[in-house]
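Asks: The chain contents come next:
Number of protein chains: 2
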Amino acid sequence: MAVQTVASTTDSSASVDLGPAAALSCRECGHRVPLGPVFACEECFGPLEIAYDFSGYDTEELRKRIEAGPTNIWRYAPLLPVPADVATKPNINPGWTKLVKADNLARELGVTGGLYVKDDSGNPTHSFKDRVVAQALEAARAFGFTTLSCSSTGNLAGAVGAAAARAGFRSCVFIPHDLEQGKIVMAAVYGGELVGIEGNYDDVNRFCSELIGDPAGEGWGFVNVNLRPYYAEGSKTLAYEICEQLGWRLPDQLVVPIASGSQLTKIDKGLRELIELGLVEDRPYKIFGAQAKGCSPVSTAFKAGHDVVRPQKPDTIAKSLAIGNPADGPYVLDIARRTGGAVEDVTDEQIVDAIKLLARTEGIFAETAGGVTVGVTRKLIEAGVLDPAKTTVVLNTGDGLKTLDAVAGTGLTATIRPTLDSFREAGLA
Amino acid sequence: MAVQTVASTTDSSASVDLGPAAALSCRECGHRVPLGPVFACEECFGPLEIAYDFSGYDTEELRKRIEAGPTNIWRYAPLLPVPADVATKPNINPGWTKLVKADNLARELGVTGGLYVKDDSGNPTHSFKDRVVAQALEAARAFGFTTLSCSSTGNLAGAVGAAAARAGFRSCVFIPHDLEQGKIVMAAVYGGELVGIEGNYDDVNRFCSELIGDPAGEGWGFVNVNLRPYYAEGSKTLAYEICEQLGWRLPDQLVVPIASGSQLTKIDKGLRELIELGLVEDRPYKIFGAQAKGCSPVSTAFKAGHDVVRPQKPDTIAKSLAIGNPADGPYVLDIARRTGGAVEDVTDEQIVDAIKLLARTEGIFAETAGGVTVGVTRKLIEAGVLDPAKTTVVLNTGDGLKTLDAVAGTGLTATIRPTLDSFREAGLA
Numbered sequence: 000m001a002v003q004t005v006a007s008t009t010d011s012s013a014s015v016d017l018g019p020a021a022a023l024s025c026r027e028c029g030h031r032v033p034l035g036p037v038f039a040c041e042e043c044f045g046p047l048e049i050a051y052d053f054s055g056y057d058t059e060e061l062r063k064r065i066e067a068g069p070t071n072i073w074r075y076a077p078l079l080p081v082p083a084d085v086a087t088k089p090n091i092n093p094g095w096t097k098l099v100k101a102d103n104l105a106r107e108l109g110v111t112g113g114l115y116v117k118d119d120s121g122n123p124t125h126s127f128k129d130r131v132v133a134q135a136l137e138a139a140r141a142f143g144f145t146t147l148s149c150s151s152t153g154n155l156a157g158a159v160g161a162a163a164a165r166a167g168f169r170s171c172v173f174i175p176h177d178l179e180q181g182k183i184v185m186a187a188v189y190g191g192e193l194v195g196i197e198g199n200y201d202d203v204n205r206f207c208s209e210l211i212g213d214p215a216g217e218g219w220g221f222v223n224v225n226l227r228p229y230y231a232e233g234s235k236t237l238a239y240e241i242c243e244q245l246g247w248r249l250p251d252q253l254v255v256p257i258a259s260g261s262q263l264t265k266i267d268k269g270l271r272e273l274i275e276l277g278l279v280e281d282r283p284y285k286i287f288g289a290q291a292k293g294c295s296p297v298s299t300a301f302k303a304g305h306d307v308v309r310p311q312k313p314d315t316i317a318k319s320l321a322i323g324n325p326a327d328g329p330y331v332l333d334i335a336r337r338t339g340g341a342v343e344d345v346t347d348e349q350i351v352d353a354i355k356l357l358a359r360t361e362g363i364f365a366e367t368a369g370g371v372t373v374g375v376t377r378k379l380i381e382a383g384v385l386d387p388a389k390t391t392v393v394l395n396t397g398d399g400l401k402t403l404d405a406v407a408g409t410g411l412t413a414t415i416r417p418t419l420d421s422f423r424e425a426g427l428a
Numbered sequence: 000m001a002v003q004t005v006a007s008t009t010d011s012s013a014s015v016d017l018g019p020a021a022a023l024s025c026r027e028c029g030h031r032v033p034l035g036p037v038f039a040c041e042e043c044f045g046p047l048e049i050a051y052d053f054s055g056y057d058t059e060e061l062r063k064r065i066e067a068g069p070t071n072i073w074r075y076a077p078l079l080p081v082p083a084d085v086a087t088k089p090n091i092n093p094g095w096t097k098l099v100k101a102d103n104l105a106r107e108l109g110v111t112g113g114l115y116v117k118d119d120s121g122n123p124t125h126s127f128k129d130r131v132v133a134q135a136l137e138a139a140r141a142f143g144f145t146t147l148s149c150s151s152t153g154n155l156a157g158a159v160g161a162a163a164a165r166a167g168f169r170s171c172v173f174i175p176h177d178l179e180q181g182k183i184v185m186a187a188v189y190g191g192e193l194v195g196i197e198g199n200y201d202d203v204n205r206f207c208s209e210l211i212g213d214p215a216g217e218g219w220g221f222v223n224v225n226l227r228p229y230y231a232e233g234s235k236t237l238a239y240e241i242c243e244q245l246g247w248r249l250p251d252q253l254v255v256p257i258a259s260g261s262q263l264t265k266i267d268k269g270l271r272e273l274i275e276l277g278l279v280e281d282r283p284y285k286i287f288g289a290q291a292k293g294c295s296p297v298s299t300a301f302k303a304g305h306d307v308v309r310p311q312k313p314d315t316i317a318k319s320l321a322i323g324n325p326a327d328g329p330y331v332l333d334i335a336r337r338t339g340g341a342v343e344d345v346t347d348e349q350i351v352d353a354i355k356l357l358a359r360t361e362g363i364f365a366e367t368a369g370g371v372t373v374g375v376t377r378k379l380i381e382a383g384v385l386d387p388a389k390t391t392v393v394l395n396t397g398d399g400l401k402t403l404d405a406v407a408g409t410g411l412t413a414t415i416r417p418t419l420d421s422f423r424e425a426g427l428a
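Chains as they are written, first to last, in numbering that gives the first Met the number 0: chain A, 0 to 428; chain B, 0 to 428.
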């Protein structure tokens, strides 16, 4: 298969301006190649990630520059693979979502050290995917791509469709042809091409890999394939925002959902960058990973003490986390162990309970992935693994409106006639 | 009926601290009463609204104070009926939503003077209702209420449920018992009481009025009834944000949806306040009202040159605007005429087209109400009523995820087998 995954040394894209991004570097062997639309190392096939040149930054100057920036992810442009004038280009400008001090939830869970929910349902298409797609879009622009594409089963399709529309890109998104009608509508409304593939999500992915290697795919940026090194960096902004919103302070504990594991590893990367740049004090933090029991390859490996992750066949309502063979699983295990964190999972029933708990206590209606993180937080506190006396940040990465089915059983408290007598009879007075 | 609508002179609530709010003043006769949970004038039964004391504000100091404030509506606390420390109290903190420069849409509509979409789908429960409910909640707190309530057919129920949950209030929301299941779930998930009333929306409202006058309703704040004067002020923040986001500048033209008409009148009030306070230059602006043809009592009256609004029976997909007898209709007519604006309506088909147009050009998925304002904007430009050479702001007050049915026809571009041949055959290459 002729998939273009590795950079040739004659790649002309070395001259692209992506701000502080200096090169691509292999996570496994450290081999460096010029910036380009590639995702795997030519030496060892390990994953490529962005290497930055942050030299020359003065800490106080950088802090002031960030604080004076726009109220979206581009305030962190000096730390991202984007040109300095990124905020002037058409994009969906996600980020700077609320960090909610969750005092009611803290009381219910017995947390005394401060509990916060980072609520990414406030993004333009209401999931954290807007962060990574906005990033991939800037890379696509830099590389001269004209079509934005992805394989998706939900949130990503909408984020790509919206970003492409706004930036004037063509979009072509591939999904399994038998997705729920609601999800198809959410992805199709942005007017890009939405192609149903006769097959399951694995078939869709396999087809996308073929297309990247084919002339038909020329000029196409697949946000989570050939643009993946850029795309993934978008998750660092969650770490930046959390620390800035805490007053340039590291939280003691973070609870992060695991799908591919990329988000968790990039949050760790973001936190370490802030320390290295002197923007936050260097002190220990713990990262906890959260999975659904019905798709828990990483927590299973964590509990068994393994370094490798054995794939699972997903069966859970938390569909946005249902990746049975998570690419970054081993890195997640490493981070959880290195920071003194853990990886835990919860059942579908616990996920639904946690969605309702968060809504009832804080007025935040989370997607199933948010039920996973809140549920795992509760479980880890009860098990004495999470320290309730420490500052804890829990991520909600999506919106309950997108997974209404999960709480479909929720309904009317009572039905009455429009009279005060009927109101009293129902015991509502 | 013993509905408490008027303030007695012995009302002790005169001592409540609601910042610059000095009294309630009758919109019709100017009669003033102390701040309290009342909404109609004891003299003439006209609507009461907040009278402020803005004396002592220095323009530059005020501007700096606002700009240093939180990125939500509380940055405007000095201009709202809330205590100065409002940002420290538990609330859902809506606002500071995106003002999107809509260059693609402008090109399609032929607007050359700058076109912007104020996108209120970014609020916590994804509609502008969070602004007014957050305001009503602070009034409820000041008056010692312990239950937050409303009648609703959708957006408002969710906003009240979420705000009450976060503030630790009991909530009890009344809806017609036969609402769509999805809307019931969205309102019920916050865990408050959700009561279905056997009857239509009018029956629900009538019942709520009875409850306010009954001992069973003691301690209850109905956000859009006995707290209405406070609630309505929340819409002023749309005007403040638009002007600040334009660089403390008035837009030339605004297109605002009309349900009760309250939002449009309060946006006008907010603009005039900014002029009086010297925060923006005093120059003319035009306000245009937008309705669905299936519920167009105000546009019908406008076109007929009437000062009064004849009620209609609503029949439109724009359910969040479907108020057949809009309380503030006459004030809307007055504002549209005084500013040189207009009131126009669009068909359901034009609403759907406009939703798709906005999504395709700007990546913004609007509720049907957003389809109404965009559709009316297009219609008014084509008719030569809106000046395309002027700066124009169009409001999107809600989220497309809440009215998916409106665009249910949107679907896959193509269905293919997972092969490159099938891809080429479909003409996608």
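Hint data in this document are derived by calculation from the structure and do not stem from the laboratory. Hints may be right or wrong, so weigh each one.
Because identical chains share one entry, a pair is satisfied inside a single copy or across any pair of copies.
With a Cα cut of at most 27 Å, we get these calculated DSSO-like pairs of lysine-lysine [said to hold, decoys possible]:
| # | residue 1 | residue 2 |
| --- | --- | --- |
| 1 | K88 | K292 |
| 2 | K88 | K389 |
| 3 | K63 | K292 |
| 4 | K312 | K268 |
| 5 | K63 | K100 |
| 6 | K100 | K88 |
| 7 | K312 | K389 |
| 8 | K268 | K389 |
| 9 | K182 | K268 |
| 10 | K302 | K182 |
| 11 | K100 | K312 |
| 12 | K63 | K182 |
| 13 | K312 | K63 |
| 14 | K182 | K389 |
Asks: None of the hints should be skipped; say for each whether it holds.
Replies: Evaluated hints:
Proximity of K88 to K292 under the C-alpha cut-off of 27 Å is found in neither arrangement, the shortest distances being 42 Å within a copy and 37 Å between copies. In this assembly of identical chains, the alpha carbons of K88 and K389 lie at most 27 Å apart only when taken from different copies (22 Å versus 40 Å within one copy). With identical chains, the CA atoms of K63 and K292 are never at most 27 Å apart, being 43 Å at best within one copy and 51 Å at best between copies. Within a single copy, K312 and K268 get their C-alpha atoms no closer than 29 Å, and across copies no closer than 58 Å, so neither meets the 27 Å cut-off.
With identical chains, the CA atoms of K63 and K100 are at most 27 Å apart both within one copy (24 Å) and between copies (26 Å). Proximity of K100 to K88 under the C-alpha cut-off of 27 Å is restricted to the inter-copy arrangement: shortest distance 11 Å between copies versus 33 Å within a copy. In this homomeric assembly, K312 and K389 never come within 27 Å of each other (Cα to Cα): the closest approach is 35 Å inside a single copy and 57 Å across copies. With identical chains, the CA atoms of K268 and K389 are at most 27 Å apart within one copy only, with a shortest distance of 21 Å there and 46 Å across copies.
Taking the closest pair of Cα atoms, K182 and K268 never come within 27 Å of each other, the shortest separation being 32 Å inside a single copy and 40 Å across copies. In this assembly of identical chains, the alpha carbons of K302 and K182 never lie at most 27 Å apart, being 35 Å within a copy and 41 Å across copies at closest. When the C-alpha separation of K100 and K312 is checked against a cutoff of 27 Å, the pair qualifies neither within a copy, at 36 Å, nor between copies, at 44 Å. For the homomeric pair K63 and K182, neither the shortest alpha-carbon distance inside one copy (41 Å) nor that between copies (44 Å) is at most 27 Å.
Taking the closest pair of Cα atoms, K312 and K63 never come within 27 Å of each other, the shortest separation being 48 Å inside a single copy and 56 Å across copies. With identical chains, the CA atoms of K182 and K389 are never at most 27 Å apart, being 39 Å at best within one copy and 38 Å at best between copies.
Checked against the numbered hints above, the structure breaks hints 1, 3, 4, 7, 9, 10, 11, 12, 13 and 14 and satisfies the rest.
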